[in-house]
Structure formats: structure tokens, C-alpha cells
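**Q** Line order of the protein sequences matches chains B, D and E.
Numbering follows my numbering, with no gaps: position 226 of the first sequence is 226.
Numbering follows my numbering, with no gaps: position 54 of the second sequence is 54.
Numbering follows my numbering, with no gaps: position 192 of the third sequence is 192.
Do not rely on the hints blindly, as some may be mistaken.
Put simply, identical chains are the same to the list, so a pair is met inside one copy or across any two.
Stated by the list, open to error - As a list, the in silico DSBU-like pairs of lysine-lysine whose alpha-carbon atoms are at most 30 Å apart:
id, residue 1, residue 2
1, K260, K57
2, K3, K218
3, K239, K263
4, K60, K239
5, K57, K239
6, K218, K239
7, K3, K60
8, K218, K57
9, K3, K57
10, K60, K218
11, K3, K239
Because the hints were derived from the structure by calculation, they are not lab data.
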Amino acid sequence: MDKRTILIQLDSDPLPSVFDRVVAIDAGADEVLSYGGVRVEQVRDLVHGAIFTRGPKDLKRTAFFIGGSDVAAGERLLEEVGRHMLPQFGLRVSVLLDANGANTTAAAAVRAAARHLDLQGTPALVLGGTGPVGQRVARLLARQGADVRVGSRQRSRAETVAQAIRAQVAGARVEAVATGTAAELQAALTGRTLVIAAGAAGAVLLPRAARAACPDLKVAIDLNAVPPLGIEGVEVMDKGMQRDGLIAYGAVGVGDTKMKIHKAAIARLFERNDQVMDAEEVYALAANF
Amino acid sequence: MDKRTILIQLDSDPLPSVFDRVVAIDAGADEVLSYGGVRVEQVRDLVHGAIFTRGPKDLKRTAFFIGGSDVAAGERLLEEVGRHMLPQFGLRVSVLLDANGANTTAAAAVRAAARHLDLQGTPALVLGGTGPVGQRVARLLARQGADVRVGSRQRSRAETVAQAIRAQVAGARVEAVATGTAAELQAALTGRTLVIAAGAAGAVLLPRAARAACPDLKVAIDLNAVPPLGIEGVEVMDKGMQRDGLIAYGAVGVGDTKMKIHKAAIARLFERNDQVMDAEEVYALAANF
Amino acid sequence: MDKRTILIQLDSDPLPSVFDRVVAIDAGADEVLSYGGVRVEQVRDLVHGAIFTRGPKDLKRTAFFIGGSDVAAGERLLEEVGRHMLPQFGLRVSVLLDANGANTTAAAAVRAAARHLDLQGTPALVLGGTGPVGQRVARLLARQGADVRVGSRQRSRAETVAQAIRAQVAGARVEAVATGTAAELQAALTGRTLVIAAGAAGAVLLPRAARAACPDLKVAIDLNAVPPLGIEGVEVMDKGMQRDGLIAYGAVGVGDTKMKIHKAAIARLFERNDQVMDAEEVYALAANF
Numbered sequence: 001m002d003k004r005t006i007l008i009q010l011d012s013d014p015l016p017s018v019f020d021r022v023v024a025i026d027a028g029a030d031e032v033l034s035y036g037g038v039r040v041e042q043v044r045d046l047v048h049g050a051i052f053t054r055g056p057k058d059l060k061r062t063a064f065f066i067g068g069s070d071v072a073a074g075e076r077l078l079e080e081v082g083r084h085m086l087p088q089f090g091l092r093v094s095v096l097l098d099a100n101g102a103n104t105t106a107a108a109a110v111r112a113a114a115r116h117l118d119l120q121g122t123p124a125l126v127l128g129g130t131g132p133v134g135q136r137v138a139r140l141l142a143r144q145g146a147d148v149r150v151g152s153r154q155r156s157r158a159e160t161v162a163q164a165i166r167a168q169v170a171g172a173r174v175e176a177v178a179t180g181t182a183a184e185l186q187a188a189l190t191g192r193t194l195v196i197a198a199g200a201a202g203a204v205l206l207p208r209a210a211r212a213a214c215p216d217l218k219v220a221i222d223l224n225a226v227p228p229l230g231i232e233g234v235e236v237m238d239k240g241m242q243r244d245g246l247i248a249y250g251a252v253g254v255g256d257t258k259m260k261i262h263k264a265a266i267a268r269l270f271e272r273n274d275q276v277m278d279a280e281e282v283y284a285l286a287a288n289f
Numbered sequence: 001m002d003k004r005t006i007l008i009q010l011d012s013d014p015l016p017s018v019f020d021r022v023v024a025i026d027a028g029a030d031e032v033l034s035y036g037g038v039r040v041e042q043v044r045d046l047v048h049g050a051i052f053t054r055g056p057k058d059l060k061r062t063a064f065f066i067g068g069s070d071v072a073a074g075e076r077l078l079e080e081v082g083r084h085m086l087p088q089f090g091l092r093v094s095v096l097l098d099a100n101g102a103n104t105t106a107a108a109a110v111r112a113a114a115r116h117l118d119l120q121g122t123p124a125l126v127l128g129g130t131g132p133v134g135q136r137v138a139r140l141l142a143r144q145g146a147d148v149r150v151g152s153r154q155r156s157r158a159e160t161v162a163q164a165i166r167a168q169v170a171g172a173r174v175e176a177v178a179t180g181t182a183a184e185l186q187a188a189l190t191g192r193t194l195v196i197a198a199g200a201a202g203a204v205l206l207p208r209a210a211r212a213a214c215p216d217l218k219v220a221i222d223l224n225a226v227p228p229l230g231i232e233g234v235e236v237m238d239k240g241m242q243r244d245g246l247i248a249y250g251a252v253g254v255g256d257t258k259m260k261i262h263k264a265a266i267a268r269l270f271e272r273n274d275q276v277m278d279a280e281e282v283y284a285l286a287a288n289f
Numbered sequence: 001m002d003k004r005t006i007l008i009q010l011d012s013d014p015l016p017s018v019f020d021r022v023v024a025i026d027a028g029a030d031e032v033l034s035y036g037g038v039r040v041e042q043v044r045d046l047v048h049g050a051i052f053t054r055g056p057k058d059l060k061r062t063a064f065f066i067g068g069s070d071v072a073a074g075e076r077l078l079e080e081v082g083r084h085m086l087p088q089f090g091l092r093v094s095v096l097l098d099a100n101g102a103n104t105t106a107a108a109a110v111r112a113a114a115r116h117l118d119l120q121g122t123p124a125l126v127l128g129g130t131g132p133v134g135q136r137v138a139r140l141l142a143r144q145g146a147d148v149r150v151g152s153r154q155r156s157r158a159e160t161v162a163q164a165i166r167a168q169v170a171g172a173r174v175e176a177v178a179t180g181t182a183a184e185l186q187a188a189l190t191g192r193t194l195v196i197a198a199g200a201a202g203a204v205l206l207p208r209a210a211r212a213a214c215p216d217l218k219v220a221i222d223l224n225a226v227p228p229l230g231i232e233g234v235e236v237m238d239k240g241m242q243r244d245g246l247i248a249y250g251a252v253g254v255g256d257t258k259m260k261i262h263k264a265a266i267a268r269l270f271e272r273n274d275q276v277m278d279a280e281e282v283y284a285l286a287a288n289f
């Protein structure tokens with residue numbers, strides 16, 4: 001009989017996420033070993049426990065999931081997990097980062113856009129583009145060949161993100177834009193056919209008035225689930241809904257695809273022992289949904 | 001294939017109870033997600049993780065169990081869990097409170113009495129009636145129509161409990177009595193056919209001498225498992241044993257029924273997604289045992 | 001259907017060992033209840049939860065595993081676990097100590113030696129003999145009738161260990177030797193056919209030069225996995241390898257047997273409810289591998 005599949009959940013929050021545990025179970029992980037409050041210096045022993053216990057042919061049946069509400073902390077854990085694998089001896093296991101759901105959310109949002117637009121060359125604006133989800137959305141769009149504006153109240157912060165994307169994605173078409181004032185927002189929106197809002201809860205990033213002056217806009221996707229939403233006029237349950245001539249998606253409308261991607265990513269972990277699944281690898285699964 | 005059943009154990013003690021985990025497994029929960037040291041402010045995310053992960057038809061296969069040695073802390077967790085359900089969207093899961101075994105113990109004790117007495121109208125005395133188990137025993141007896149005296153060393157504390165029961169149980173026949181002195185105890189016992197002792201370990205609440213002067217007493221149930229027992233002359237293993245003309249139950253004698261009720265309550269959780277199981281709901285299961 | 005087997009993992013480290021959890025799963029435990037940062041004063045309730053939840057015929061399907069990097073802490077937990085069993089009522093479960101892998105490592109090392117030598121009467125030297133693994137190796141060798149030298153930089157510390165072994169093993173042939181200087185090491189090695197090095201990582205306990213002057217040596221086993229190894233010339237992957245006329249074992253070479261012993265010990269736990277498995281009981285399983 002095959003060995004049971006084991007997902008080792010590393011969560012930077014004190015209590016490991018119930019959400020991530022339930023999804024892991026429903027995705028088919030036989031056992032979920034959950035760790036909360038995980039700090040970087042504790043990762044080595046956890047990784048060694050994963051890679052030194054099963055033989056090479058069974059290592060694909062052990063994997064790591066990195067979660068927690070703090071995406072930056074998750075990224076540090078991901079890096080540290082990689083540091084303690086021993087690929088030179090074939091001793092490694094696959095790992096998926098989805099801290100705060102950032103990768104699956106970004107993938108689902110870009111996937112929603114791709115249902116209606118050929119992303120290659122599409123003029124896009126990412127509002128709240130400097131947060132963990134916004135950065136990933138912008139990067140994924142850039143990889144698909146979109147012409148991406150990264151929006152932030154402070155242009156300098158957006159520029160940092162744009163530069164990082166240019167460094168990661170060869171040939172990326174990315175520019176930073178300020179969106180703090182109505183005039184800046186108007187300029188940022190000019191010519192855009194796609195807007196994805198990935199800002200913090202409670203901030204309206206795109207008032208209805210601004211939209212009216214943006215005739216080229218075709219698809220609007222809002223990833224905020226808590227009212228007031230980031231794009232005025234979009235509803236949280238919208239899933240490809242026609243609204244004022246736009247195709248609209250709200251957070252819950254995107255959530256169904258996000259959940260499917262999340263489960264597919266967990267299942268994928270157990271196919272090989274050498275995967276590192278960050279935004280791009282997660283997005284590669286999205287085409288199925 | 002049906003999704004696995006998931007019991008989320010919230011325990012206010014630092015280490016989640018082994019007892020509750022083993023009983024949950026033996027009751028048939030496929031997965032038990034155990035959390036220790038849970039504080040009220042951590043509950044929201046745990047509940048959201050439970051209600052946002054599965055579709056409406058599968059939500060009954062996720063449930064909460066609230067335990068821990070501190071019953072008041074458990075009650076606060078129960079209240080907070082309820083606060084974050086979203087019944088208006090059908091997004092809720094069932095929850096069982098059994099902190100310190102208080103509900104299952106009280107239910108088993110009252111069930112033991114009901115095997116021998118028609119509780120309707122039965123004159124009863126609950127010794128140690130202000131503790132978490134004692135309060136529940138008194139309330140359950142009142143709901144069955146018994147004529148209940150809540151005993152405590154300080155009558156004022158017993159009165160608080162009696163008032164709470166009157167507020168919860170329409171038509172409850174409950175009075176507070178002091179039991180601190182031999183004379184007070186004698187008065188409290190007068191005319192009682194049922195005594196249930198639910199006091200703290202190490203305190204003899206009903207000495208043999210006091211019992212002798214109480215000719216109407218028919219059933220004596222002691223819920224203390226650690227010598228000296230609360231009712232002198234009852235043995236911890238007694239389960240309907242005849243002792244000096246009384247029918248006697250000790251803590252272990254009640255424990256078998258308690259365990260059956262506990263398992264039935266866990267199993268019941270997974271039948272519907274809208275149950276809140278506190279003392280009364282747990283007692284409703286006791287008639288089967 | 002039989003009740004599921006439950007292994008309760010008590011680990012003195014803050015995060016319970018992934019290694020031990022994975023091995024427990026692969027050894028067939030249906031459920032592993034993992035506790036990290038366990039302190040002695042928390043053990044009582046954990047044990048009560050284990051022994052008060054299942055009937056006598058099912059108690060063998062619950063067991064404790066005690067781990068963690070601190071072997072002394074593990075020994076204190078083992079002692080405390082035993083204190084709260086209630087064998088007079090048949091209320092006990094089996095328990096295995098393998099903190100820091102000390103018991104399975106020591107058993108595997110002695111087993112490796114026994115493949116090549118009749119341990120009865122074999123002159124042996126244990127380098128690093130005062131650490132938790134070294135002590136166990138020396139004790140197991142003494143029980144097999146070997147003529148054991150316990151080596152340490154300070155002879156007085158080795159003498160403490162030797163005395164403890166004499167107190168535990170009737171007829172043990174054990175002596176303490178200093179190994180701090182080249183001359184002391186030379187004297188300690190004289191006439192030895194077996195050397196097992198169980199010292200701390202990073203310390204070369206037996207330089208090649210010292211070996212050259214030791215013509216009787218037949219088997220050299222090094223339990224250090226991190227270079228520099230404890231016995232110069234032995235490689236970490238060696239498993240019965242011929243090296244300079246010696247039969248050599250390195251840590252990884254011993255590790256395969258160690259893993260088999262570990263799994264067999266877990267499986268053994270669920271055969272009876274009255275076992276306390278420390279070094280000797282673990283070694284008794286080693287003959288199968």
C-alpha cells in the first residue's frame with residue numbers, strides 16, 4: 001500500500017489556519033501536520049524531519065504548505081525551507097507558498113480576466129499594486145504579456161514593485177503610477193481595459209465617478225470582500241456579471257476559482273518532490289478552471 | 001465519496017485535552033484539529049476558516065468542540081463562536097460545549113436519577129450547586145419539573161444561580177439554600193428524595209450522620225472521583241448500588257453513561273450544521289442510555 | 001471495526017518533531033496526537049486522558065511516544081508518565097522513549113556490531129560514552145556481555161556512567177577510561193576489537209594516527225553525521241564497509257537499521273498496554289534487522 005500523503009503546514013500565526021487545514025484535507029492530503037507560530041530558526045529541523053524519513057520514491061508523498069496572514073513572513077519561511085533541502089542527494093520535498101491566500105487569489109483574479117480578455121498586450125491597471133496580492137497580480141499579468149500599470153498612492157512605492165517585476169520577468173511591460181488624487185487616478189485609468197483592485201479592506205480605490213470617464217474599461221475585478229469594496233458598483237458576489245457595461249468580479253465571485261486552484265495546487269505537490277510553487281506555478285494550474 | 005468529517009477542538013488550556021481528542025476519534029470524527037490556549041480574540045479567524053471552506057451541503061461535516069478545564073472560559077468561547085457564524089448566508093457549523101466535561105457529566109447524573117425517579121415534582125437537592133456542573137444539574141432538573149434546591153455554603157451565591165435558572169427555565173421551581181452548617185444542611189435535606197453532589201474534590205458535602213436523619217432520601221449521586229467523596233458511604237464505582245436503603249451512584253458509575261453521551265453528542269454534531277449543543281441539547285441525548 | 005490506534009507524542013521541544021510524526025505515521029499509527037513544549041507538570045492530565053477514555057481491551061490501541069532533542073527532559077517525562085498510570089486498575093498504556101533518537105540509535109549501533117562480532121566477551125570502547133547515546137550504547141554492550149570501556153575526556157564523568165551501568169546490569173564488566181590526551185586514548189584503545197564513537201558533532205574522537213597503533217580493532221562505528229566525523233577514515237554512508245582492514249559504519253549506514261527499529265518499536269507499542277520501552281526493550285527488536 002502506498003504511504004500516506006503528508007502535508008506539513010508552517011504558519012507564522014500563533015494558531016495554524018483552520019482554512020488551510022480544511023482545504024488541505026479536502027484536497028486529499030491524508031495527514032496534515034500543523035505548526036503555528038513558526039519562526040525561521042525552527043525551519044531546519046522541520047525540513048530535516050521531512051527529508052530524512054522516507055525513501056526517494058516516497059518523498060513526493062511529503063510536502064510543505066506555507067501559510068499565515070503575514071505574506072512577508074511566509075516568503076522568509078519559503079526561502080528558509082529551500083535552504084535546508086539537500087537536492088544533491090535527492091533529498092527534497094515540494095513546497096507551496098500561499099500565505100494569506102495571496103498566490104491563489106492573484107492567480108484566480110488573473111484567470112478571471114483571461115476568460116474575457118487576451119492578456120497579451122492588454123492595458124491593465126492594478127490598484128493597491130504594492131501589497132502582496134497586488135504585486136503578484138501585476139507580475140502574473142506582466143508574464144502574460146499585458147501592459148501593466150502598478151498603482152499606489154505613492155508612486156515611489158509602485159516604482160519599487162515595477163522594478164522588481166522587470167528584474168523577474170524578461171521583457172515585462174510595467175510602469176509605476178500614482179493613484180492618490182482624482183487627477184492621478186484619471187490619468188492612470190486612461191486607456192485601460194482591465195482594472196484589478198487589490199487594496200486593503202475599507203478603502204474605495206475606484207469611485208464610480210472615475211469609472212465613468214474611462215470608456216475603454218471592459219473588465220473590473222475587486223478582491224476586497226469587506227464593504228466598502230474597492231471598486232464602487234461591483235458587488236462581492238459578482239462573477240462575470242454585466243454592470244454598467246463592464247464585466248465585474250467581486251471577491252466571492254473570484255473565490256470559487258481561488259478554492260479550486262488551491263486544491264489543485266495541494267494535489268500537485270504530491271506528484272513530484274522537487275516543486276517550489278509560488279505565484280507563477282500556482283497560476284499555471286488556473287487554466288483548468 | 002463524502003468529505004471527511006472534521007472536528008475543530010478549541011481548548012482554553014495550553015495543551016488541548018487528550019481525553020477530548022480520543023473521545024472525538026472514537027466517536028467517529030475523521031479528523032480532529034486541536035487548538036490549545038485559545039483566546040476569544042482568536043476565534044473569528046478559526047470560525048471563518050470553518051464556514052468559508054466547504055459548500056452548504058458539506059458544512060454539516062465540519063463542527064466545533066469547545067473544551068478545557070475552565071468552564072467559564074469555554075462559555076465565552078461558545079458565545080464568540082456563535083457571533084462569527086453567518087446564518088443569513090447559510091454559513092454556519094454546529095458546535096458542542098463540554099468544557100471540563102460539565103455538560104456530559106451533568107446530563108449523565110440527571111439521567112442516572114431519571115432511571116429511578118419520575119423527575120417531575122421530585123424534591124431534589126444539588127450540593128455544590130454553584131459550580132459549573134452543579135448549575136447545569138440544577139437547571140436540567142428544573143427543566144424536568146423537579147422541585148430543586150440549589151445548595152451552597154453561602155446562600156447568596158446559591159440565590160444567584162437560582163435566579164439565573166428561573167430566568168432560563170419557564171416555570172422553574174428552584175430555591176436557594178445554605179448548606180454550610182450541620183443545621184443548615186439538615187434543613188436543606190428535609191423532604192428530599194434525590195441528592196446530587198457536585199462539589200469540589202476533597203470536600204465531604206453530605207456526612208453519613210446527616211443522611212441518617214433524612215428518611216425520604218431514595219437516590220444519592222456523587223460526582224466527585226477523588227476521595228474523600230462528597231457523599232459519605234457512596235463508593236466511586238457505584239452504579240445503582242443499594243447502600244443503606246439508598247440507590248447510590250459514584251463518579252465512575254456515572255462515567256460510563258457520561259462517555260456514551262459524549263460520543264453521541266459528537267456524532268450528532270455531524271447530522272446538521274445549525275446546532276448549538278449546551279446542557280439541554282446534550283441531555284436530550286441521554287435518554288438513549 | 002477495531003478502534004483506531006492513537007500515538008500521543010510528547011515532545012519537550014516547542015515544535016513537536018516532524019521526524020517522529022512521519023515515522024509514527026509510516027509505522028502504522030492511525031492517529032498521532034502531537035504535543036510540543038511539554039512540561040512535567042502537564043503530564044498527569046495527558047496520561048489521564050489516555051487511560052480513562054477506552055475500555056481495557058482497547059487500551060493497547062493507545063500509547064505514548066516521548067521525544068525531543070533533550071534526552072534528560074525525555075527521561076523526566078517518561079518517569080512522570082509512569083507515575084500517573086493506574087496499573088492496579090488495569091488502566092495503563094504502553095510508552096516508548098526515543099528522545100533525540102537516542103534509544104534507536106544506540107540499538108542500531110550495537111546491532112551493527114553484533115553482525116560482525118560475538119559481543120559476549122568482546123573488548124569494546126565507547127568514545128563519547130557519557131552522552132545520552134554513548135551511555136545507552138555502553139549499557140547495551142554490557143548487557144550483551146561485552147567488556148566495556150566508557151571513554152570521556154574526564155575520567156570522573158566516565159566513572160559516574162560506569163557506576164550507573166554496574167547498578168543496572170548485574171555482572172556488568174565496565175570500566176571508565178580517560179581519552180582526553182593521545183596517550184590516554186592509546187591506552188584506552190589497547191586490546192579493543194570494537195569502537196563506537198557517540199560524541200558531539202564536530203569532535204574527532206579517534207584520529208587515524210591513533211587507529212594505526214591499534215592492531216586488534218575489527219569494527220569501528222561512528223554515530224556522528226556531520227563532518228568532521230568522530231572516527232577519521234570512516235565515511236558517513238559506510239555500512240559494513242571494509243576500510244584499512246576495519247569493518248566501518250557511519251551514521252547514515254546505521255540509520256537504515258535505526259529507522260527499521262524505530263518503526264518496529266512503534267508497532268510493538270500497540271501489541272500490549274503494559275510496555276515501557278527504553279534502550280533494552282528497543283534493542284530487543286533490533287535482532288530482526
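**Q** For this structure, which hints from the list above don't hold up?
**A** 2, 8 and 10
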